[in-house]
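Number of protein chains: 2
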Amino acid sequence: MTLAIHRTAAIGIDLGGTNLKLAVIDDEDRIVERLTVPTGGADGHRAVIERMVVGVGALRAAASGLDVAGIGVGVPGMLDMATGVTGDLPNLPGRWSDVPVSPAIATATGLPVGLINDAKAFAIAEQRRGAAVGAETALLATIGTGIGGAIIAHGRVLFGLGGVAGEIGHLILQPEGPRCSCGNFGCAETLASGPALVGEAARRIAQGFATSLTDLSGGDLNIITPELIARAANKGDAVAMEIIDRAGAWLGLALAGGIALIAPDVVILGGGVAPAGSRYFRAAEAMARSHSGVTEIDRIACRPAELGYDAGVIGAALWGRETAGSMKNTG
Amino acid sequence: MTLAIHRTAAIGIDLGGTNLKLAVIDDEDRIVERLTVPTGGADGHRAVIERMVVGVGALRAAASGLDVAGIGVGVPGMLDMATGVTGDLPNLPGRWSDVPVSPAIATATGLPVGLINDAKAFAIAEQRRGAAVGAETALLATIGTGIGGAIIAHGRVLFGLGGVAGEIGHLILQPEGPRCSCGNFGCAETLASGPALVGEAARRIAQGFATSLTDLSGGDLNIITPELIARAANKGDAVAMEIIDRAGAWLGLALAGGIALIAPDVVILGGGVAPAGSRYFRAAEAMARSHSGVTEIDRIACRPAELGYDAGVIGAALWGRETAGSMKNTG
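Chains as they are written, first to last, in the numbering used here: chain A, 7 to 337; chain B, 7 to 337.
These aren't lab readings, by the way, just hints derived from the structure by calculation.
All values derive from a computational prediction rather than experimental measurement.
Heads up, a few of these hints could be off.
[To be verified] Which residues of chain B face chain A? A few of them, derived with a C-beta cut under 8 Å, are:
| no. | residue |
| --- | --- |
| 1 | R288 |
| 2 | A292 |
| 3 | V300 |
[As the list claims (entries may be wrong)] Derived DEER-like restraints, expressed as beta-carbon distance ranges:
| no. | chain 1 | residue 1 | chain 2 | residue 2 | range |
| --- | --- | --- | --- | --- | --- |
| 4 | A | E312 | B | G183 | 48 to 56 Å |
| 5 | A | D221 | B | A216 | 21 to 29 Å |
| 6 | B | R305 | A | S296 | 32 to 40 Å |
| 7 | A | R162 | B | S296 | 26 to 34 Å |
All C-beta atoms, glycine included, are put in the ideal place defined by N, C-alpha and C.
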C-alpha cells in the first residue's frame, strides 16, 4: 500500500497601497513560498488583478509539490464577502468600487477565491497563531495608513453585514473634526493614523514650532514619516512626543469605545504605527484603560500583535482555505 | 397510564430604580404570574434582596402547578456573571458593589439563580420573541434613566468579560462633555438619556427660553419628564423639539459607532425614551444612518423593541432557566 502524502495548501494575497504580498502556506499554516511585487495601483484595478493572477501562477509553479486548495485576498476597505466584489478602498489609487475581484481571479486560476477585509485577515491570523490564540472576545486594531479593526466574539471573527464589522477606525471621536475618507468628520482614523501623525508634524513645522523634525526632514515635508517622528521623540523632542501622545490617546479613546461595547479579554494592536513597547502603544493603552467605563478593565490584557507584516497574508491564505472548504461542503 | 404534565417554568426578576418586577414564565415563555412592588432602594440592598425572596415565594405559591427550574435577576449596571455578585449600579440608591445577590437568593429559595445585566436580559427576550428574532448580528439599546445596550454576534448575545459587553451608553462622544456616573465625561448616557433631556429642559427654562415647558411644568422643574417634553414637542414647541432632536442625534452618533464596530443586520431601540415612531427614535436613526461610515448602511434595519416593559423580566426569566439548565449539565 502506498501512503499518499496529501498536503492542503492555500495562497494568500495581501493587497496593500504600496505592495502586493502573496504567499503559499502549507497544512501547518507556515509560509513556504512568498512573492512581493509593487501594487502599482495607479495602473488601475485590471492591471493589479492581473498581477495577482501572474503571482499566483508563479507561486503554484514554485510550490508544485503542494495541493493548493484555494486563494484568499485581503483588501484594505469595504467589500461584499458574499459576492467577492470590492467596495470603496480609499487608501488605494484608482476606482475599486464594484470590482468583481474574486470572480476574476477564480476564472483565471480555476481555484476558489475568498475576499476578506485585510484587518479581518489579520485577526484570523493572530487568532490562529498569534496574540489572540484562545481569546473568547477580542478587539484588534491595525494602525498604518488607515486604521483597520476586527472583533472576535464567541471565539470567532465577527464579519457582520457584508463583512465590514470591526471598523474601529471609523468611530467618530470629534464630530467637528477633520474630514475622513469615509465621508464623515473626526473618525479615529483622521486623528490617530500614520497620516494624522505626519499631518500634525507638517503643521507644527510650518507653524514654526521649535522641533528637531525641521532639521530631520531637511525642511522637506514629503519625507516625514511616523518612523521619523518616533525617532525624534526617542531623542527627547517635545513636539514629536506630544504628537505621538495625542494621536495614541485618540486611538485609546476609540479603543475605550470598543471595550465598552464588547468587553474583550484582550486588546491587540498591530500595524506599523503601533509596534510593541512604542510610545504610541503606551499612550493608547493608558487612554483606553482610563476611559472605557468597564469595571473589569484591569482584567483586560493589551498586547502587541505577534505576526508582524505577515499577519495579513497568512490570514488571507487561511481564509482562502476556509473558502475552499466551505465550497466543497456546499458544492 | 397517567400522563404527567411536567412544565418547566422559570422566574425572572427585573431590578429597576423604581420597581421590582417579578414574573413566572411557562415552558412557552409566556408570563403566567406577575408581581410588581416598589424597589425601595433607599432601604439598602439587604431589604431589596429580602423583597425579591418574598416575591419569589409568593409567585411559587401562585404558580404551584408549575415546576420552577431557576431564577434570573436582571440588574441595571455592572456585575460578575460568574459569581453572581453585583458591581456598580449607579442608578440605584445605596451601595451595590460586591453584593452577592445570586448566592443570597439561591440560599433563601433553594433554586439556581443567574445574575444578568438588564440590557442583556432585554436582548435575550427580544431575540427569543421580539424584534431580534433571527438576527445574526444586532445592536440593541434601551434608553431610560440610563442607556443600556447589548450586542448579538454569531446569533448569540455577547456577554464579554464579566458579562458587561454592549455598553453603548458609555461610548464617549464628547471628551470634555458632562460628567457620567461611570466616572468619565461625555458618555452617550450623559447626552441622550432621560435625565439628559430633563436637564436640558431645566436649563432652558431657567435661562428664560420661550417654551411651553415653563407653563406645562408650572414652574416646577421637579415634574419635568421626557414624556412632558415629548408632549410639548408634539404640540409644536420649538425648544422641546430641539431638545429631543439633539438628544436623539447624540444617541444616533453612539449607534453609528456601534454599527461601525459590528455591522449589524438590525439596530433595535427600546426603553421609555425611544418608543416606536417617536421624534427621538427618528432623530437617532437619521444620525446613525448618516454617520456610520458603513457602506452597507441602507441594508441595516432600525426597529423599535417589541416586548415593551416586559422584556427585562422575560429575559431575566429566560436567563434563570438557562442557568438552571447549565447547572444541571455540569453538576
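Failing hints, ascending? 1, 2, 4, 5
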